[in-house]
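Quick mapping for you: the protein sequence lines, in order, are chains A and B. Under the UniProt record's numbering, the residues of the first sequence are numbered 1 to 438, in order. Under the UniProt record's numbering, the residues of the second sequence are numbered 1 to 438, in order.
Since the hints were derived computationally from the structure, they do not count as laboratory data.
If chains are identical, the list can't say which one is meant, so a pair holds when it fits in one copy or spans any two.
Once the Cα atoms are required to be at most 35 angstroms apart in a straight line, the calculated DSBU-like pairs of lysine-lysine come out as: (1) Lys-158 - Lys-352; (2) Lys-430 - Lys-352; (3) Lys-209 - Lys-147; (4) Lys-209 - Lys-309; (5) Lys-73 - Lys-97; (6) Lys-147 - Lys-70; (7) Lys-352 - Lys-309; (8) Lys-290 - Lys-191; (9) Lys-430 - Lys-73; (10) Lys-158 - Lys-70; (11) Lys-147 - Lys-213; (12) Lys-191 - Lys-147; (13) Lys-230 - Lys-430; (14) Lys-158 - Lys-39; (15) Lys-230 - Lys-191; (16) Lys-39 - Lys-55; (17) Lys-309 - Lys-97; (18) Lys-213 - Lys-191; (19) Lys-309 - Lys-70; (20) Lys-73 - Lys-55; (21) Lys-430 - Lys-97.
In this text the structure is predicted, and so the values were computed from the model without any measurement.
Protein chains: 2
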Amino acid sequence: MAEIIARDARMASTILKTLTDEERSQALQAVHDELRAHKATILEANVIDMENAAKNNLPASLINRLDLSKGDKYDTMLQGVLDVAALEDPVGNVTLKTRLDDGLDLYRVTCPVGVLLIIFESRPEVIANITALAVKSGNAAILKGGKESLATFTAMAKVVSDTLVRTAVPGKAIQLIATRDDVSSLLNQDKFIDLVIPRGSNELVRNIKDNTKIPVLGHADGICSVYVDKDADVQKACKIAVDAKTNYPAGCNAAEQLLVHESLLDTQLPVIAEALITAGVTLHVTPIIKAHLPANEKIVDAVEGDFDKEFLSFDIAVDAMASAEDAMMHINVHSSKHTEAIITENEATANKFLKGIDSAGIYWNASTRFADGFRYGFGAEVGISTNKIHARGPVGLEGLVGYQYQLRGNGQVAADYIGAGGSRQFIHEKIDVRGMRL
Amino acid sequence: MAEIIARDARMASTILKTLTDEERSQALQAVHDELRAHKATILEANVIDMENAAKNNLPASLINRLDLSKGDKYDTMLQGVLDVAALEDPVGNVTLKTRLDDGLDLYRVTCPVGVLLIIFESRPEVIANITALAVKSGNAAILKGGKESLATFTAMAKVVSDTLVRTAVPGKAIQLIATRDDVSSLLNQDKFIDLVIPRGSNELVRNIKDNTKIPVLGHADGICSVYVDKDADVQKACKIAVDAKTNYPAGCNAAEQLLVHESLLDTQLPVIAEALITAGVTLHVTPIIKAHLPANEKIVDAVEGDFDKEFLSFDIAVDAMASAEDAMMHINVHSSKHTEAIITENEATANKFLKGIDSAGIYWNASTRFADGFRYGFGAEVGISTNKIHARGPVGLEGLVGYQYQLRGNGQVAADYIGAGGSRQFIHEKIDVRGMRL
Chain A
1 MAEIIARDAR MASTILKTLT DEERSQALQA VHDELRAHKA TILEANVIDM
51 ENAAKNNLPA SLINRLDLSK GDKYDTMLQG VLDVAALEDP VGNVTLKTRL
101 DDGLDLYRVT CPVGVLLIIF ESRPEVIANI TALAVKSGNA AILKGGKESL
151 ATFTAMAKVV SDTLVRTAVP GKAIQLIATR DDVSSLLNQD KFIDLVIPRG
201 SNELVRNIKD NTKIPVLGHA DGICSVYVDK DADVQKACKI AVDAKTNYPA
251 GCNAAEQLLV HESLLDTQLP VIAEALITAG VTLHVTPIIK AHLPANEKIV
301 DAVEGDFDKE FLSFDIAVDA MASAEDAMMH INVHSSKHTE AIITENEATA
351 NKFLKGIDSA GIYWNASTRF ADGFRYGFGA EVGISTNKIH ARGPVGLEGL
401 VGYQYQLRGN GQVAADYIGA GGSRQFIHEK IDVRGMRL
Chain B
1 MAEIIARDAR MASTILKTLT DEERSQALQA VHDELRAHKA TILEANVIDM
51 ENAAKNNLPA SLINRLDLSK GDKYDTMLQG VLDVAALEDP VGNVTLKTRL
101 DDGLDLYRVT CPVGVLLIIF ESRPEVIANI TALAVKSGNA AILKGGKESL
151 ATFTAMAKVV SDTLVRTAVP GKAIQLIATR DDVSSLLNQD KFIDLVIPRG
201 SNELVRNIKD NTKIPVLGHA DGICSVYVDK DADVQKACKI AVDAKTNYPA
251 GCNAAEQLLV HESLLDTQLP VIAEALITAG VTLHVTPIIK AHLPANEKIV
301 DAVEGDFDKE FLSFDIAVDA MASAEDAMMH INVHSSKHTE AIITENEATA
351 NKFLKGIDSA GIYWNASTRF ADGFRYGFGA EVGISTNKIH ARGPVGLEGL
401 VGYQYQLRGN GQVAADYIGA GGSRQFIHEK IDVRGMRL
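With the hints as constraints, model all of the structure from the sequences given.
And the structure:
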């Protein structure tokens, strides 16, 4: 079953890859129109999910995420489909052209990744969002939702499927799997599925990463750090530490660690600590930090693992560092590769930190909370990746494309060229590709 | 032990990442000079490996690969280090700059991947090659060689290590692990190792891919196809099919499948089959193909699995296709994502094929044998990747870099901006980055 779904997706992707941007965008317009036309039906289904959730005593936050009728959520979802359709085509950009020989030209061209598996929990609006992102980028997608949103999912899936078959996009390009089956059989389809994108809790992401050989785009933990350098401005340090920790502690871009240069233990540390405590934060401190702070119920001893931990709450681990290099080493060993900030007025130190840190985002005198696709000015956010290869940090449509090499010849064979038995030389002339599309 | 090695590599990478191109290239010059100065010692060690190999009755091809004294192999290896040092710096290129607000600038900058684990079999010259590629691209590397080249490896490792400690590159940036320990403990260090690059047999690569959660850059199989379209030129078809199959059948870019449009079964098929048979190729054919060819001892029945197989010999699987779309579907389901060719004079068909195929390389009227870093005009080849994300096809230095986002501010916090509690608007002004470096 899972293999048939995945193989169908691969075949649909083969057609979808050949469509023009106009054809893909027209299909999204049609999906938008039909989702609008069927709003009443979909919201009726949504009520069923909400009632079941209440009956099963699911937490209020989850019921809140399920609720598609709340405020302008439905209209925002619809507008999101049109916004994605209007983005620049990410596919077909030529990024390299080399003339290997007269009449033998090599092109590197951006292309869809292929087949995506999107696994999400309760938010049903993800269906519209992911359908838009996948179709716009020319990727087939298999969507697997959580059982809490089954009724909404089924209703939306029907609209999307019924609509796509009337467009140039193959019906199987977006498959919505609304069964209660375990997701593990899909996670085994590494022959046909190219990328898994989990949308949900840390536990969901971690579980998926541990159970598939397919690359996963996303993040489990967001363990971000703020390092206050010896040349820091104390006001910036206070403002950024408080924002990074308290603006939205449940966010993956919230700070979980505060590292303070040891020359500041008697000067800036108490000021920053007071700012954090006033903002309601509990400090989990090492002995050297504790020795330099007045006793306070909001100051507790750090325990083993506190510097490898995502608190997701008004808690932060605090330690002293002997130098910026020490902070870099500490971060590169402990961080989850999300986003780290240095507070310093010393440009040389900042540049070293910006170069040496290993994470997707490195900030100089700015809060880690800016790590977000919309704040970065991307038109759409696929997710935030803590991977070291492919897309990193907040990921827009570019995370759903890769590249291929096209070689256009007129009958050339390797045996005619030096190195493979012949005597012809390669030209290897680089050709300007600015604005070139294929 | 493996964890210490991997953690040391991460710490060394933190320093290596901050070095200038000049510092990295100077270190490579020093490695080159010392490898040249110690040529006699290294070749003595190489003789020991060769003698052991002979004693253990290892195959002649393996002994051949071990032999570092053969022809100008040693000097070529030395020159390779200088060639890599002279390449353009792949690190520090700014590929995006967005002004988020006055004094708050976002940069996307190319950066090293981080820590590489290179696992190779018998060729000892890989040590020099990989050291050069890793240092040039700012990556720390752990090299694990095969036991056949232990003596050579140990001698070269000592020269490389003794040299690096006298340069700006930290000694632990290149760690050469010359033990007989199982590689599996290193493959478990996904916290500290970012990319595994196997250099060796298909079995080595497959075994590594099956036993690690770290991304692997490389290819196990190279199952390439040649599709002869209904509008093919028969001479081009013969020439390309013969070259793609016979120029070097053990190569990963050799063709393993010939797909022929069904309208050509009585016309071009017999001509192409004869050309292949004359070149010494055995055709493994489906019943429909068999029915259109005269009996010949070089024509045998295809068996289950022949279209998912890398023959690596003078053998090719042959089937008929009802259309170019059918060929695309067949290839996208069976191919190993390496390189596929279409032979056609029809530009529209070629363009559809070039867009629809899912592999790293797609060729129009050219032999699959061109899939090679040197033929593509890359200055260095890290390997050939059949992955769908990150680097694809023949991979140069660009496969060893990714990118990071740098945000340079002067104390900004998210809470001041709309969406996070404040009222400031983002500017999101795109800035021209041509030629910009950080």
